[in-house]
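Novice: Work out the full structure: start from the sequences and follow the hints.
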Amino acid sequence: MIPIVHDVYEVNLATSGKLKLRAKGLLAEGTPDAVFEACVLLHEAARLQQLAVDSLPTRPAVTSLTSAVEECWCYVEGRDPPHAAEAWGHVLRAREGVEDRTSEAILSRLAPRFAASRHEFGRAVSASPMLLAIRDAGHIASLMPAERSKARGELAQVLAKFPGTTSFWWMQYRLAEADGNKKEAWEALTRARLLVPTNPRFLAMSLLVAAWALPPSAAEQHIAGVRGSIDRAGAEVCLMYALAEVALARKASPDERRRRWRRAREASDSGIARANTEGLRRNLRAAQLLANELLAGRQPTMEILYLAGLGEVAAMASPNANVADFLTARLRRAGPDREREAA
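Numbering-wise, the numbering used here puts 327 at position 318 of the sequence shown, and it's gapless, one number per residue.
Derived from the structure by calculation, the hints contain no laboratory data. Idealized CB from N, CA, C, for every residue including glycine. You may find that some hints are simply not true.
[Stated by the list, open to error] No farther apart than 27 Å at their CA atoms in a straight line, the calculated lysine-lysine pairs in the DSS-like style are these:
hint : residue 1 : residue 2
1    : 192       : 159
2    : 33        : 170
3    : 170       : 192
[Unchecked claim] Pairwise CB distance ranges (calculated):
hint : residue 1 : residue 2 : range
4    : 308       : 41        : 43 to 49 Å
5    : 330       : 207       : 32 to 38 Å
6    : 128       : 27        : 44 to 50 Å
Specialist: Right, here's the structure in full:
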């Protein structure tokens with residue numbers, strides 16, 4: 010094995026082990042905050058486990074199986090059955106290259122724990138009719154306020170048992186946002202980001218939600234964290250950053266306002282070059298046109314949505330609506346590709 014590769018493997022494994030040990034202590038404390046913190050550590054441990062094995066140019070089948078088992082175990086203990094189920098698929102594929110007796114021994118600790126977690130999670134979700142309705146409908150926008158309230162209550166109960174379930178924190182954010190509950194929307198989205206900080210959709214949405222939900226100084230602090238890397242960021246991050254700058258410009262001094270508008274235009278330019286869907290390209294073009302109008306000293310109108318290829322969206326808006334508000338609220342609720350959800 011090449012020494013530097015061996016070092017990367019060993020360092021990642023060692024760090025993953027330390028995180029699992031810390032998480033074990035937090036789980037033993039048993040308080041909701043301690044359990045959630047343990048879930049965050051175990052999700053990171055799972056990612057490090059995967060990075061460790063991926064650093065090996067070649068690896069025995071037993072190594073692959075052992076690594077897959079540890080990754081799945083982290084998600085099971087990290088109270089995230091959906092990610093555990095995905096990792097279980099890795100386990101089953103890795104098992105194919107290992108002799109039966111050996112694979113059974115390696116799986117002896119995980120298999121019953123995974124089965125019990127999957128069963129408990131299935132019962133919890135099945136006992137939540139609104140969650141099932143959202144799953145079947147595939148979107149939240151059409152729910153009535155009373156239905157959203159019921160769904161949020163059901164989600165809270167499931168998340169109390171499975172606080173590492175990233176996709177459910179995202180759903181909780183979406184429901185709270187639809188109800189205009191800024192505090193709960195920000196808290197739910199923050200928890201999703203803590204569990205999966207590598208998810209670009211969570212980062213992108215947090216920029217737009219920060220400008221909506223937080224005081225200006227706190228929102229500025231949050232978006233400033235990505236400002237230096239926006240020229241290398243993904244298209245969705247660029248889009249949400251641009252619109253966050255436009256939103257924060259409203260309460261800024263004239264000079265600061267123009268600086269924010271220029272940054273919005275630069276982010277839109279960067280994002281368009283990396284957009285990989287038509288929805289992203291059109292929304293970035295709208296943000297670009299919006300920044301152009303503001304920099305030119307003109308009041309943006311719905312015309313920019315038509316020019317950006319968002320005529321169908323514009324047709325459903327009030328003719329007198331503020332185009333910046335309309336565009337940012339729409340993206341905050343559904344994202345640039347409508348109802349595509351995060352995982």
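Novice: Of the numbered hints stated earlier in the document, which are not met by this structure?
Specialist: Of the numbered hints given earlier, the structure breaks just one, which is hint 6.
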